[in-house]
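Undergrad: So the sequences go chain by chain: A and B. Each residue of the first sequence is one higher than the one before, starting from 123 at the first, in this note's numbering. Each residue of the second sequence is one higher than the one before, starting from 859 at the first, in this note's numbering.
None of these hints come from the bench; they were simulated from the model.
Away from chain A, derived, C-beta distances all over 10 Å, residues of chain B:
#1 Glu876
#2 Glu920
#3 Ser931
As a list, the in silico DSBU-like pairs of lysine-lysine whose alpha-carbon atoms are at most 30 Å apart:
#4 Lys936(B) x Lys882(B)
#5 Lys926(B) x Lys882(B)
#6 Lys936(B) x Lys926(B)
#7 Lys192(A) x Lys229(A)
#8 Lys192(A) x Lys232(A)
#9 Lys229(A) x Lys882(B)
#10 Lys232(A) x Lys882(B)
#11 Lys926(B) x Lys229(A)
#12 Lys173(A) x Lys232(A)
#13 Lys173(A) x Lys192(A)
#14 Lys173(A) x Lys229(A)
#15 Lys936(B) x Lys229(A)
Per label pair, the in silico range of CB-to-CB distance:
#16 Arg922(B) x Ile150(A): 29 to 39 Å
#17 Thr190(A) x Glu941(B): 40 to 50 Å
#18 Thr896(B) x Glu176(A): 24 to 34 Å
#19 Lys173(A) x Met873(B): 41 to 51 Å
#20 Ala174(A) x Ile913(B): 25 to 35 Å
#21 Gln136(A) x Asn910(B): 48 to 58 Å
#22 Tyr172(A) x Glu941(B): 35 to 45 Å
#23 Leu177(A) x Val911(B): 33 to 43 Å
#24 His868(B) x Val166(A): 14 to 24 Å
#25 Met897(B) x Gln125(A): 17 to 27 Å
#26 Asn910(B) x Leu177(A): 36 to 46 Å
#27 Ile913(B) x Gln125(A): 19 to 29 Å
#28 Phe932(B) x Gly162(A): 22 to 32 Å
#29 Ala930(B) x Pro130(A): 38 to 48 Å
Beta carbons: idealized from backbone N, C-alpha and C, even for Gly.
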Amino acid sequence: GQQLNQSPQSMFIQEGEDVSMNCTSSSIFNTWLWYKQDPGEGPVLLIALYKAGELTSNGRLTAQFGITRKDSFLNISASIPSDVGIYFCAGKAPPSGAGSYQLTFGKGTKLSVIP
Amino acid sequence: DAGVIQSPRHEVTEMGQEVTLRCKPISGHDYLFWYRQTMMRGLELLIYFNNNVPIDDSGMPEDRFSAKMPNASFSTLKIQPSEPRDSAVYFCASIPGELNTGELFFGEGSRLTVL
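Pulled out of the complex, with its shape left as it was, chain B reads as follows (with noise of 0.2 Å):
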């Protein structure tokens, strides 16, 4: 079975520029996860969905910072305008219902260089 699939692998771009992040989770999970890592933070939750709908999005940074799941195979993180201290490895993770084991299922990640 196909994991979490994230896009793009990597993406260089310059500050000031909109960058858009993709996910798409495993196909029956309903809880769908934004995560940041960087040397000095480690691993920060920045917004999860439960069936779509955002249920806590208090880890992102800044109105900058926006993410969508327009529907329950898909969702985007979107950074507008981005700067160089936004760059780091972008996760995306899912996992089933209410009556999961607890464990998350990453994506390869998107490393984002923000020059």
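Here chain A stands alone, though its shape is the one from the complex (with noise of 0.2 Å):
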């Protein structure tokens, strides 16, 4: 099956540092995904890519689609202490049948940061 590989696995740095976190995957995804997860919540989406190459912004959290489509990386710019929590990257593959919906899940980057 797919496997996508999220690192670093956590994260411990100051505010007002930038971040970095990247996931690639052993095959080709036609979306990437990026989710917060917040304690005690459920993942929020914060970008989705859709085509390979493409770069997209929202607010200090930029995101890229890989050209190959089997990576994605996000950048969080300027960290402030609301940005702790777990993010997600998330891969979609092609449906393979009728009804069918693949997306994969990366292990999470977790993201502590020290006022």
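Two chains, two separate frames, one set of hints: put the complex together.
TA: Now the structure itself:
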């Protein structure tokens, strides 16, 4: 099956620093998604990418869909305490049949921001 | 609009007891997913439904787990008998039909502790 390698597993950074995390896959995806999970909550979508090479921003967040379609990265600029949480990448493969839906999640990057 | 609604938010039970988790997807969404989240394994897809029909249940750990979707607005995940290793956070998520953006909308999760 498809596997996503997300790194780093965890990060401790000072408030104001930039953050970078990435995901690589053994398979090609046609969509990359980045989610954030706050403690005690479900994951919430941050950015969606639909084309190879696409670079998309959402405030201080920037994500890119790799040219090979097997990787993606997420950058957070000028981190603030509320950026704390777990960030997940997810790759969506083309449907394999009627009604199929294949989304694979990375294991997450736990971000801690030191004020 | 109401998001995905899950109940209970927390459940503590003893080994051997039956556990039933409930989910109400977002109205109009055609797909419903059950995920399990643990520290060790991250987010694991257990099963998903399209138009109330189970499409892929290959992630269901074993026969002790079962899921139903009797109508478009309700699904259950049942564990019988429960075991300590079933302790995890169980998420329900939904998305619109095939022409969707790929974004999963997650509920807040049901935290299960089996003693």
